[in-house]
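Visitor: Chains as they are written, first to last, in numbering that gives the first Met the number 0: chain A, 0 to 261; chain B, 0 to 224.
Treat the hints loosely; a few may be bogus.
[Stated by the list, open to error] Below, in silico cross-link-like pairs of lysine-lysine (BS3-like), each with a Cα-Cα straight-line distance of 30 Å or less:
id: 1; chain 1: B; residue 1: Lys66; chain 2: A; residue 2: Lys83
id: 2; chain 1: B; residue 1: Lys66; chain 2: A; residue 2: Lys225
id: 3; chain 1: A; residue 1: Lys83; chain 2: A; residue 2: Lys221
id: 4; chain 1: A; residue 1: Lys11; chain 2: A; residue 2: Lys162
id: 5; chain 1: B; residue 1: Lys66; chain 2: A; residue 2: Lys110
id: 6; chain 1: A; residue 1: Lys221; chain 2: B; residue 2: Lys66
id: 7; chain 1: A; residue 1: Lys212; chain 2: A; residue 2: Lys225
id: 8; chain 1: A; residue 1: Lys212; chain 2: B; residue 2: Lys66
[Claimed, not checked] Non-contacting residues of chain B with respect to chain A, defined by C-beta distances greater than 10 Å in every case (computed):
id: 9; residue: Leu24
id: 10; residue: Gly35
id: 11; residue: Thr130
id: 12; residue: Ile136
id: 13; residue: Met145
id: 14; residue: Glu214
id: 15; residue: Lys216
id: 16; residue: Glu219
Hints listed in this document are in silico derivations from the structure and should not be mistaken for laboratory results. All values derive from a computational prediction rather than experimental measurement. Just so you know, even glycine gets a beta-carbon here, dropped at the ideal spot from N, CA and C.
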Amino acid sequence: MTEYIKLIDLTKCTGCRACQVACKNWNDLPAESTGFTGSLQNPADLSYNTWCLIRFDEIQNSSGMNWVMRHDACMHCEWPACVKACPSPGALVRTDTGAVVHDPNYCIGCKACIVACPFDIPRYSAEQEKIAKCTLCHDRITDGRKPACVTACPTGCLTFGPKAGMLAKADARALEVQGVVYPRNPKYRTNVLYIIPRTIDVAQLQHTNPNPKMPTTILWWKNLFKPFTLIGMGAVAGAAMLHYMVRGPHEPHGPEKKEGGE
Amino acid sequence: MGPRKRKGVNDMSAKKQGMVYVTTLQERIVHWLLAGSCLFALLTGLGLMFHSWDFIPALLGGHYAMKWMHIFSGVVFAFALVAASVMWWEHCKFVPDDLKWAMQAGGYLWDAHDLPPGGMYNAGQKLFFWTVFVFGIVVIVSGLIMFNPLAVPVVLARWAYMLHAGAVMVIASFFIVHLYLGTFGNPGTVQIMFHGWATREYCEFHKGKWLADREKKDGEESQAA
Numbered sequence: 000m001t002e003y004i005k006l007i008d009l010t011k012c013t014g015c016r017a018c019q020v021a022c023k024n025w026n027d028l029p030a031e032s033t034g035f036t037g038s039l040q041n042p043a044d045l046s047y048n049t050w051c052l053i054r055f056d057e058i059q060n061s062s063g064m065n066w067v068m069r070h071d072a073c074m075h076c077e078w079p080a081c082v083k084a085c086p087s088p089g090a091l092v093r094t095d096t097g098a099v100v101h102d103p104n105y106c107i108g109c110k111a112c113i114v115a116c117p118f119d120i121p122r123y124s125a126e127q128e129k130i131a132k133c134t135l136c137h138d139r140i141t142d143g144r145k146p147a148c149v150t151a152c153p154t155g156c157l158t159f160g161p162k163a164g165m166l167a168k169a170d171a172r173a174l175e176v177q178g179v180v181y182p183r184n185p186k187y188r189t190n191v192l193y194i195i196p197r198t199i200d201v202a203q204l205q206h207t208n209p210n211p212k213m214p215t216t217i218l219w220w221k222n223l224f225k226p227f228t229l230i231g232m233g234a235v236a237g238a239a240m241l242h243y244m245v246r247g248p249h250e251p252h253g254p255e256k257k258e259g260g261e
Numbered sequence: 000m001g002p003r004k005r006k007g008v009n010d011m012s013a014k015k016q017g018m019v020y021v022t023t024l025q026e027r028i029v030h031w032l033l034a035g036s037c038l039f040a041l042l043t044g045l046g047l048m049f050h051s052w053d054f055i056p057a058l059l060g061g062h063y064a065m066k067w068m069h070i071f072s073g074v075v076f077a078f079a080l081v082a083a084s085v086m087w088w089e090h091c092k093f094v095p096d097d098l099k100w101a102m103q104a105g106g107y108l109w110d111a112h113d114l115p116p117g118g119m120y121n122a123g124q125k126l127f128f129w130t131v132f133v134f135g136i137v138v139i140v141s142g143l144i145m146f147n148p149l150a151v152p153v154v155l156a157r158w159a160y161m162l163h164a165g166a167v168m169v170i171a172s173f174f175i176v177h178l179y180l181g182t183f184g185n186p187g188t189v190q191i192m193f194h195g196w197a198t199r200e201y202c203e204f205h206k207g208k209w210l211a212d213r214e215k216k217d218g219e220e221s222q223a224a
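With the rest of the complex left out, here is chain A:
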């Protein structure tokens, strides 16, 4: 299966929220009861039933006040921390399309993925005792279609296609607008990329991680302590057996009875 990339060109987003609505439609997610919080961002945050959200930021930079609309959803990491942390096989899987998909049938609601995620994407429902997040419309893309958000986008801000072509397209577009491709860390690749115009610094935007990476604590947990729990137990068991064969049991009347007994 081809690996795909979703490209989000911030220079083209008008904040129309067609992607947000399309996501709800395709994934059959109920609407939320919300209120006005002083921002056009609505609902205020991602949730169990909102997997894609247009975030509104007002930032100050050299060109004055800028209004930034940003499509925020799962980044579909190539090396996903959520999958690494997940204790239930099949609950979170990175598929060969590049989509990181959750399966509610296997989710046990432990919340480890929420803690592990460098982008703070998965959301928990206490009522369902499960997590949910964007799946890159895995059901659509395996059927040869584009994700619902991309299909709905009227400005060309969201585009989708096979990895190689999209990487070239992202680089070309970044050059064209003198911006950057985010995240551009070669050690931490994602199947969702942003074109960030030069007037905007990622760190100025809400709910972003300027330097995304697999959390070190998750690495220590899964790559060090996890194997060494078994290695430690096994090594000690081996040492104990060796001790038994070499030294024998510790007894008052063993073959090496000490002098000076009563």
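Given chain A, put chain B in place with the hints provided.
Guide: What follows is chain B alone, placed relative to chain A:
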């Protein structure tokens, strides 16, 4: 003669002649609560950590059921650890003789000729107690955070997951030492944690100072009676 007499170390009315009553019923119950909950939490925890060990969730009714079993065994472990600490705190305080014992590795690795007469617990057992106590608290506190990681800053939650696994690594490895030395490594020991009695010879060898103290106390009590 009092209505209820404590079992003396050489109590001839006891059915086990030549045996010494080492642990109380309370100690044994707390010990097995602590050990049982710890082992069950370890088993379910390993089942959650290693996807390839799916025979554990298969036996226990799936990952979701196992999550709750893991949480509840952790709660039992927490209460048992409190009870064990109250019970063994005094016994497990280090004394100068422990250093002497430790310098000779208790006679386990080479022939030791200068071992001090032992108290209720030797330096190794004390070290195991303090290891379980300290790392047990780490496991319990981090486990509490993991129960609702969204209530704390994410950095703290990530540290909790890491420390939970790290502390288990230490306890699980030391547990194997405890298992070996409590059974095959020291014949006559394991029964102390089942019926509570050990041979006099065993106590002289392992717990010389404790035995002398107990006998002295028993002597004083019987004189007073």
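Visitor: Please list, smallest to largest, the hint numbers that this structure does not respect.
Guide: 13
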